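Let's have the full structure, built from the sequences with the hints guiding it.
Chains as they are written, first to last, in the working numbering: chain A, 1 to 114; chain B, 1 to 115.
Note that these hints are calculated values from the structure, not bench results. What you are looking at is a predicted structure, and each value in this text was computed from that prediction instead of being measured. Honestly, I wouldn't trust all of these hints.
[As the list claims (entries may be wrong)] Computed cross-link-like contacts, DSS-like style, restricted to lysine-lysine with a CA-CA straight-line distance of at most 30 Å:
1. K42/B x K37/A
2. K78/B x K68/A
3. K22/A x K57/B
4. K37/A x K57/B
5. K57/B x K42/B
[Said to hold, decoys possible] Covered stretches of chain A, going by a simulated chain B footprint (3 or more residues, C-beta under 8 Å):
6. 59 to 71
7. 101 to 113
Backbone N, C-alpha and C define an ideal beta-carbon position, used for all residues, glycine too.
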Amino acid sequence: GENVEQHPSTLSVQEGDSAVIKCTYSDSASNYFPWYKQELGKGPQLIIDIRSNVGEKKDQRIAVTLNKTAKHFSLHITETQPEDSAVYFCAAITIGGDAGKSTFGDGTTLTVKP
Amino acid sequence: EPEVTQTPSHQVTQMGQEVILRCVPISNHLYFYWYRQILGQKVEFLVSFYNNEISEKSEIFDDQFSVERPDGSNFTLKIRSTKLEDSAMYFCASSETAYSNQPQHFGDGTRLSIL
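This is the structure:
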């Protein structure tokens with residue numbers, strides 16, 4: 001089955017700095033890669049996603065890059081703000097049956113210090 | 001914006017008892033999912049459901065678990081005989097389609113505590 005590894009497990013940055021979180025996946029059949037932000041007591045909320053036919057996608061301060069050959073993808077947050085502090089999860093969707101199964105990374109706890 | 005809603009927010013149950021977790025997916029969505037997150041750990045896929053049947057399930061989803069869409073709005077997860085290790089957050093999610101480019105929308109979860 002799919003295996004997703006996520007690094008680092010914790011990340012602390014100063015407000016205004018950039019943050020980068022990296023994930024690798026094992027199943028070459030995976031072709032959709034969402035990133036979720038999870039705040040305390042809440043469910044994962046999609047913040048950005050990328051399809052396998054795209055190398056990069058940007059949405060304001062957030063960007064995701066994908067290297068299909070190397071099977072890794074990264075989340076980039078620029079100009080970080082304290083409200084960016086949360087746990088971030090990457091995921092890879094494995095196509096199978098009638099509904100895709102998500103495999104999540106272990107999560108990165110991001111702390112943005114004011 | 002439409003939301004996935006889950007009830008109850010917290011369920012406390014004695015070991016060995018049956019528990020039913022409820023979810024109301026977004027109304028025009030067709031694909032439904034359950035995930036589990038043990039405290040401090042990653043989100044784990046349990047099952048996906050489409051057209052009134054299970055599409056995929058993980059190794060975690062054993063015979064103690066079942067899912068049902070009893071009416072046009074609810075999607076339930078039943079654990080027949082709960083064990084201590086079933087204590088976790090359970091998240092429901094839904095998506096319009098199952099294609100890999102369609103996002104899943106998550107509810108805020110039910111915290112299940114087994115005593």
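Unmet hints by their number, sorted upward, for this structure: 2, 6
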